[in-house]
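Peer 1: 304 is the number that our numbering gives the last residue of the sequence shown; the numbers go up by one with no jumps.
Honestly, the hints are just simulated from the structure, not real lab data.
Incorrect hints may appear among the rest.
[To be verified] In silico SDA-like pairs for lysine to any residue, Cα to Cα no more than 20 Å straight-line:
(1) 228 to 268
(2) 226 to 262
(3) 288 to 109
(4) 2 to 114
(5) 2 to 125
Predicted model, so just to flag it, every value in this text is computed and none were measured.
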Amino acid sequence: MKAMLIYNPVAGQIWQQFQPETAKTYLEARGWQVDIEPTQKIGGGADLARKAARQQYDIVIAAGGDGTINEVAQGLVNTPVKLGFLPVGTTNVLAREFNVPQNYEEALEYLPQAQSQLIDLGKINQRYFLLMAGVGYDAEILMRVNKQLKTVAGKLAVFTSGVENLFYHKPFTLKLRFEDAQGKRHRLKRTVMQIFVSNASTYATDYKIAEQAVMDDGLLELHIFKSKRFRDTFYSLISLLLRRHKEWVDFEHYSIRKLRILARKPVPIQVDGDLVGYTPVSIEIVPKALHILAPRREDPPQIE
1 MKAMLIYNPV AGQIWQQFQP ETAKTYLEAR GWQVDIEPTQ KIGGGADLAR
51 KAARQQYDIV IAAGGDGTIN EVAQGLVNTP VKLGFLPVGT TNVLAREFNV
101 PQNYEEALEY LPQAQSQLID LGKINQRYFL LMAGVGYDAE ILMRVNKQLK
151 TVAGKLAVFT SGVENLFYHK PFTLKLRFED AQGKRHRLKR TVMQIFVSNA
201 STYATDYKIA EQAVMDDGLL ELHIFKSKRF RDTFYSLISL LLRRHKEWVD
251 FEHYSIRKLR ILARKPVPIQ VDGDLVGYTP VSIEIVPKAL HILAPRREDP
301 PQIE
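Given the sequences, and given the hints that come with them, work out the whole structure.
Peer 2: Here you go:
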């Protein structure tokens with residue numbers, strides 16, 4: 001089994017630095033051939049993954065957070081190369097989605113016995129995403145978070161930025177044009193604090209925002225959190241934290257295939273935990289676009 005291990009040298013917190021040689025030694029003891037490649041620039045993970053596909057590697061292993069895994073996946077779309085992943089970042093939502101242990105040394109153990117799954121991807125303009133796109137509040141959080149503090153404090157830095165953003169955030173009006181699961185076209189105008197477009201059920205560690213989301217059903221889940229004032233935004237956040245958002249009167253959900261978002265003023269967008277730009281934006285599902293390696297379905301779920 002020929003594998004390329006791509007890792008982000010600055011992923012995660014400073015006390016949890018990844019040791020690529022440990023992974024290489026473990027896998028080669030089990031008959032794999034492993035080449036190590038660090039990412040050295042923005043977009044470098046995608047370039048390395050494309051190189052692996054050209055050179056006919058069997059597997060590419062991405063070691064990092066969800067942003068690193070997303071970047072590597074860009075280079076493997078619609079190729080036969082399988083994507084494995086080791087959770088090393090601040091948030092590791094994809095690992096939780098597929099029951100991969102959060103400790104990368106434990107996660108290593110799943111790779112030799114992993115099974116291949118063919119999953120859908122979301123596509124936002126010309127970029128793919130595995131998990132979720134966020135428009136609005138959560139992207140504002142990422143704009144405000146102190147990157148040095150994030151390296152030291154991890155999720156606490158993101159949480160602090162989220163609380164701080166509550167006092168700066170202003171709801172915005174969006175025009176939404178989308179095609180639902182039955183092919184029916186919709187045109188909506190909503191004043192909101194946040195929109196999620198989900199391919200996976202899990203968000204920001206272990207929040208199940210989109211419980212109905214399945215990564216191989218050919219659909220995305222659109223979640224709209226409406227808000228016109230500070231009070232609405234505050235209660236929307238509380239309902240989200242308490243996992244009661246579906247009961248919140250200012251919440252809407254649709255299963256969709258494609259979406260166009262327009263706004264009078266640019267609104268920030270994040271995908272899989274990284275900022276990617278601003279509205280306007282087009283989003284669609286790309287069915288069966290990526291082979292990933294995940295624990296076998298009969299394996300018991302991880303216990304933390």
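Peer 1: Against this structure, judge whether each hint is valid.
Peer 2: Okay, the hints, checked on the actual structure:
{"no.": "1", "hint": "228 to 268", "verdict": "holds (18 Å)"}
{"no.": "2", "hint": "226 to 262", "verdict": "holds (16 Å)"}
{"no.": "3", "hint": "288 to 109", "verdict": "violated (26 Å)"}
{"no.": "4", "hint": "2 to 114", "verdict": "holds (15 Å)"}
{"no.": "5", "hint": "2 to 125", "verdict": "violated (33 Å)"}
Figure legend: structure checked against the earlier numbered hints; hints not met, in rising order: 3 and 5.
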